[in-house]
Amino acid sequence: MDLPLEAKAVLDSMVNIDAQLNELTFKEAEISKLFTKAHPAYRTLLEKRQALEDEKSKLNGRVTAMPKTQQEIVRLTRDVESGQQVYMQLLNKQQELKITEASTVGDVRIVDPAIAQPGVLKPKTALIILGSIILCLMLSVVGVLLRSLFNRGIESPLALEEHGISVYASIPLSEWQKARDNVQTIKGVKRYKQSQLLAVGNPTDLAIEAVRSLRTSLHFAMMQARNNVLMLTGVSPSIGKTFVCANLAAVISQTNKRVLLIDCDMRKGYTHELLGTNNVNGLSEILIGKGDISSSAKPTSIPHFDLIPRGQVPPNPSELLMSERFGELIAWASSHYDLVLIDTPPILAVTDAAIVGRHVGTTLMVARYAVNTLKEVETSLSRFEQNGIQVKGVILNSIFRRASGYQDYGYYEYEYTSDAK
Numbered sequence: 012m013d014l015p016l017e018a019k020a021v022l023d024s025m026v027n028i029d030a031q032l033n034e035l036t037f038k039e040a041e042i043s044k045l046f047t048k049a050h051p052a053y054r055t056l057l058e059k060r061q062a063l064e065d066e067k068s069k070l071n072g073r074v075t076a077m078p079k080t081q082q083e084i085v086r087l088t089r090d091v092e093s094g095q096q097v098y099m100q101l102l103n104k105q106q107e108l109k110i111t112e113a114s115t116v117g118d119v120r121i122v123d124p125a126i127a128q129p130g131v132l133k134p135k136t137a138l139i140i141l142g143s144i145i146l147c148l149m150l151s152v153v154g155v156l157l158r159s160l161f162n163r164g165i166e167s168p169l170a171l172e173e174h175g176i177s178v179y180a181s182i183p184l185s186e187w188q189k190a191r192d193n194v195q196t197i198k199g200v201k202r203y204k205q206s207q208l209l210a211v212g213n214p215t216d217l218a219i220e221a222v223r224s225l226r227t228s229l230h231f232a233m234m235q236a237r238n239n240v241l242m243l244t245g246v247s248p249s250i251g252k253t254f255v256c257a258n259l260a261a262v263i264s265q266t267n268k269r270v271l272l273i274d275c276d277m278r279k280g281y282t283h284e285l286l287g288t289n290n291v292n293g294l295s296e297i298l299i300g301k302g303d304i305s306s307s308a309k310p311t312s313i314p315h316f317d318l319i320p321r322g323q324v325p326p327n328p329s330e331l332l333m334s335e336r337f338g339e340l341i342a343w344a345s346s347h348y349d350l351v352l353i354d355t356p357p358i359l360a361v362t363d364a365a366i367v368g369r370h371v372g373t374t375l376m377v378a379r380y381a382v383n384t385l386k387e388v389e390t391s392l393s394r395f396e397q398n399g400i401q402v403k404g405v406i407l408n409s410i411f412r413r414a415s416g417y418q419d420y421g422y423y424e425y426e427y428t429s430d431a432k
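Using the working numbering, the first residue of the sequence shown is number 12, and each one after it goes up by one.
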């Protein structure tokens, strides 16, 4: 049926608009996978679609003004032509997808087909155990090598003697004392609370036998000394210097000699705790003039053994030790006791030991087995030499059994005790 020119023009415009709307529908499906509706490209598409919808509404208004017969003809004709265009578009898309699929090369391929094993798969236990043993052995060897590489601690008195350093005593680690000490850590410093002195609690311990040997060596070493004052200092903190000092004073007092122990470590000294005395009227009070020298010595539970504790911690310990008051204290102690034993801080930490050393006749230095290095000992001796102080020798403390068992230095092999009756 022929349509008037106006109706035909409207029909063509509507079919064209439907085709464009269908095309925009396909584009929107693709662009929605890449962008959100706020993206400029997506917004442009929506604006174009809205413009086509507005144009379509205007054309529908013109169709409504036509006679009913022409309206029906236009509607049916538009549906047919729009359907044909949609069909052609879908057909074109199908062809495009087929071409794309045919041109795509996959990146996965079968190298070998899977083959089922006839037997049951299970872990090879023997191989795993053997591999674990080998790995553990290798790790153990590496650990030993690393330990020997980084730990250069003194492991033999011979290491000191080969460098011309005299070793006055090698004191083994006391397991008896270690088991009974109630160690508390206060600001990084080990404190021994209510610990029984080894020389009293277990006088037959190997460590005390070594201290007795040191007592004998000191008897001859101090014969030519300018006074009866002995200073024990250490290489570094936490090496057992106070333990050696207190037990040495105890074993010497057991020979009916009057011994005075002065705790010159006014920073961290704890000899009064170890010996169970108070800290009142100590060294710091004496040096600032608040305490009387003649009444400063405190008796301990051991006969002939007195102690001057460190006192309250002063702000300037080194300056107090350089005062004339300290020289007066040493002179008084030397005239009233058979032996004056001074416990000082470690030389590598502070200079107190170098100051005290000018007042004493004999100086010994404590080093810890497998902890202090030969370099530390040599540096400590050099510090004393620079201050005109001669160190008689070194006491190697806390020697313990090695797993290999080749370093025992006689004490473990030659333990000698009385028969029980």
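Heads up, some of the hints might be wrong.
Pair by pair, the computed Cβ-Cβ distance ranges are [unchecked claim]:
#	residue 1	residue 2	range
1	Val122	Val155	44 to 50 Å
2	Pro314	Glu173	25 to 31 Å
3	Thr390	Thr215	34 to 40 Å
4	Gly164	Lys268	19 to 25 Å
Keep in mind that the hints were calculated from the coordinates and are not lab data.
Computed from a predicted structure; not experimentally measured.
The beta-carbon is built from N, C-alpha and C at its ideal position, and this holds for glycine as well.
Using the beta carbons of Gly164 and Lys268, state whether their distance is inside 19 to 25 Å or not.
-> At roughly 35 Å between Cβ atoms, Lys268 and Gly164 fall outside 19 to 25 Å, so the hint is violated.
Assessment of proposed distance window 25 to 31 Å (beta carbons of Pro314, Glu173) = Since Pro314 and Glu173 have Cβ atoms about 42 Å apart, the given range 25 to 31 Å is violated.
Falls inside 44 to 50 Å, the C-beta gap from Val122 to Val155?
-> holds (47 Å)
Whether the CB-CB distance between Thr390 and Thr215 falls inside 34 to 40 Å | holds (37 Å)
Taken one by one, the earlier hints fail for this structure at numbers 2, 4, listed in ascending order.
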